[in-house]
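Undergrad: My request is simple: use the sequences and hints to build the entire structure.
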Amino acid sequence: MSSSRQFQEKCAAVFRPELRSWIPGQTSKALIAAASLLLASTAAFAAAQAPAPAPAASDRVTNPVAEFAGIDKITGRIITFDVYIDETVQFGALQVTPRVCYSRPDTEQPKTDSFVEVDEITLDRKIRRIFTGWMFAESPGLNAVEHAVYDVWLKGCKQKSDVPPPTAAKADTAKPKAQAAKPNAPAQPADAPSEPADATPEPDDTTSTN
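In the numbering used here, the protein residues as written are 2 to 211.
Honestly, the hints are just simulated from the structure, not real lab data. Take the hints with a grain of salt, since some may be wrong.
Once the Cα atoms are required to be at most 27 Å apart in a straight line, the calculated DSSO-like pairs of lysine-lysine come out as [unchecked claim]:
(1) K156 x K74
(2) K112 x K156
(3) K112 x K161
(4) K159 x K112
(5) K127 x K74
TA: The structure is reproduced here in structure tokens:
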């Protein structure tokens with residue numbers, strides 16, 4: 002009985018009138034402070050765990066020239082050649098055509114890629130597509146073109162090249178042809194006779210009969 006009486010006294014002491022006004026107020030303030038601290042900690046943790054924003058597509062640098070390297074497995078010779086975008090360059094039995102060539106600014110991590118189409122000229126003079134996809138300069142072995150005789154991979158993207166662009170090359174080749182075509186035209190003086198000088202006139206039948 003004594004233990005039960007002591008428990009009742011303790012309960013009565015907790016809910017005494019002078020304590021009932023203090024307990025709820027202090028508890029609510031403590032709960033509000035704890036809730037605020039929890040929200041602040043949650044927000045800070047979420048901000049720390051959020052991934053960094055990916056670079057926008059506009060950060061990529063579009064280049065007019067793609068630089069490739071190719072190897073002839075028979076001779077072991079490695080050749081580096083530049084190809085303008087949408088231009089087709091033949092390397093051995095392969096025709097390489099880059100469609101785009103992207104790089105990143107110098108302040109960012111290097112990432113150079115190009116979308117390339119590669120065709121093979123078969124022995125019967127037919128063209129067969131053997132590769133269409135992205136090549137990565139930082140990982141040349143990832144999507145390199147593997148052929149029985151030739152291999153081609155991307156080395157980088159360039160803004161300028163020592164090779165003239167296709168339009169300039171076409172203009173340079175067309176100009177000499179036009180000039181060379183002029184001497185081939187038959188030149189005839191303005192006062193030249195319509196017939197050769199040593200040509201004899203046809204005999205007049207009426208004169209010969211008289």
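Undergrad: Determine for every hint whether it applies to the structure shown.
TA: Status of the hints after comparison with the structure:
1. K156 x K74: holds (18 Å)
2. K112 x K156: holds (11 Å)
3. K112 x K161: holds (19 Å)
4. K159 x K112: Judged against 27 Å, a Cα distance of about 13 Å means the pair holds.
5. K127 x K74: holds (22 Å)
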